[in-house]
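Participant: Sequences are here, hints too, so could you generate the full structure?
Protein chains: 2
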Amino acid sequence: MALVSPSEIARPFLDEVREAVAELPPIRLVGLLASDRPDAASYSNYAARGCAKVGITYEERKVPSAQLSRAIFEANTDPEVHGILVYYPVFGGARDRSLQNEVDAEKDVEGLHGFWTQRLYHDVRFADRAKTKKAILPCTPLGVVKALAALGVYHLERKPREQLEGVTVTVFNRSEVVGRPLAALLAHDGAVVHSFDIDGVVRYEREREEPGTITRAEALRESQVVVSAVPDPSFELIRADELHPEAVCVNVAYVPNFADDVEATAKHLLNRVGPITVAMLLRNTLRLYRNFAS
Amino acid sequence: MALVSPSEIARPFLDEVREAVAELPPIRLVGLLASDRPDAASYSNYAARGCAKVGITYEERKVPSAQLSRAIFEANTDPEVHGILVYYPVFGGARDRSLQNEVDAEKDVEGLHGFWTQRLYHDVRFADRAKTKKAILPCTPLGVVKALAALGVYHLERKPREQLEGVTVTVFNRSEVVGRPLAALLAHDGAVVHSFDIDGVVRYEREREEPGTITRAEALRESQVVVSAVPDPSFELIRADELHPEAVCVNVAYVPNFADDVEATAKHLLNRVGPITVAMLLRNTLRLYRNFAS
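Protein chains in written order, with the numbering used here: chain A, 0 to 293; chain B, 0 to 293.
Short, incomplete list of chain A residues facing chain B, as computed with Cβ under 7 Å:
id, residue
1, 92
2, 93
3, 96
4, 100
5, 121
Derived from the structure by calculation, the hints contain no laboratory data.
A virtual CB, placed ideally from N, CA and C, is assigned to each residue, including glycine.
Facilitator: This is the structure we're talking about:
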């Protein structure tokens with residue numbers, strides 16, 4: 000039974016957020032929906048249900064894409080709004096990346112603002128110099144980290160920054176939203192990470208990010224952890240015979256990235272992370288409220 | 000004699016910065032050069048020369064692209080560094096846009112950080128609610144605005160936000176760095192702006208940004224101002240016979256976007272803006288120092 004339930008991993012985080020929220024004045028999260036994509040509407044529904052579970056007020060605002068920047072501006076300047084979530088892609092590419100940075104860092108529940116990614120990539124774990132406000136991390140990479148901790152990959156008895164020493168990870172995907180931040184987070188805790196995408200392979204170790212030379216076959220054979228987030232259905236599925244015998248496998252994409260035989264042979268297979276991502280979103284919302292609004 | 004000298008337009012701004020800098024402790028601008036592109040090195044040289052002219056200390060730091068994020072982090076956290084300039088493109092696209100937002104807004108002399116573009120797109124002219132700190136605008140669009148003011152396009156006798164009423168502008172280019180912010184700035188002052196790029200035409204009026212229906216020929220015929228910033232040498236050059244008889248023309252690209260006959264017939268032709276852009280960079284450096292470091 001290698002298959003892992005994402006809801007079970009998410010549950011303790013939801014419980015923790017619910018208990019904290021119960022003690023606080025109303026916390027309000029606004030979701031800005033500016034595209035017709037079904038996955039955007041679906042993520043908004045998940046966010047709404049997650050918020051309902053923990054007692055955070057969720058408000059979905061449908062806006063024409065041309066008005067999105069304005070809607071962000073209004074939410075930024077509204078003291079009754081504590082968190083802002085935008086469902087990307089809207090325009091795609093550099094323009095979306097600009098919009099991500101128009102959301103005030105103090106309301107950016109996704110942790111995608113440069114203020115937060117600067118901290119992430121340089122392993123600064125607080126928002127302030129006095130170290131009173133813990134930093135926000137992007138929901139999906141953070142969710143994968145929490146899942147790996149729940150699955151016993153982290154050596155929690157060791158000091159921070161050493162808990163993944165001796166662990167090799169392969170990540171398929173190097174986007175700015177999932178693969179790159181995840182590789183950096185794992186490397187900061189001591190892992191060696193091989194990151195593959197259509198442009199080739201990059202090796203992460205501590206703060207180093209360098210072109211890699213390893214092949215997919217070699218990387219998979221030596222990796223105790225394999226995370227895949229490739230949306231392309233033509234991706235060559237990862238087969239059981241390619242994996243390390245003790246591999247923990249996490250599928251982040253909406254389509255399967257692992258072959259059917261992996262479930263039976265991997266140490267653990269987490270084949271979707273959505274519920275964990277939503278739990279991290281709620282946790283980030285609470286953290287921003289505590290850091291900046293309360 | 001339609002041809003205008005960009006150095007002459009830049010001069011009063013340089014004088015103003017020099018006089019102010021002379022009264023202040025040393026101001027330090029760091030330029031991060033992480034690509035081998037000759038235009039990057041050349042812009043760094045222009046910045047160095049501009050800084051020398053006005054008394055700002057300039058330091059060029061050559062860094063491997065993989066270390067750029069780290070170099071930004073170090074400059075962000077160094078209290079002796081007051082301004083940071085990164086020469087793009089480095090990786091291109093979304094990753095460069097991420098890096099632009101890793102520079103602290105308080106040191107972002109280019110005005111490309113989301114903190115500044117939010118203000119630009121929503122016509123908020125100060126960095127703070129008390130309106131004590133004037134906002135930073137991106138250098139090239141700001142330089143074009145200052146050039147148009149010097150060339151008599153702005154009705155400076157009118158109130159702010161009305162000074163371009165009755166003026167129609169055509170802009171070729173809608174990048175996040177030049178064309179979009181420029182169109183927004185002009186529209187905030189009352190102009191109607193037709194913005195063309197390979198994806199079509201967009202119409203800007205006040206805060207509205209909507210798909211346009213006008214053709215290039217119609218837009219040019221009614222525009223008293225034409226700004227072009229198309230790097231592609233296959234761009235169809237703008238000819239004199241397409242222009243409004245009183246057209247003020249500004250070429251922002253490194254390659255000519257106007258045909259040879261425009262110089263003789265346009266009211267004014269400014270065929271490069273580099274020196275004005277550099278003057279705005281120095282002006283922004285001074286403004287950030289006054290707003291946040293002094």
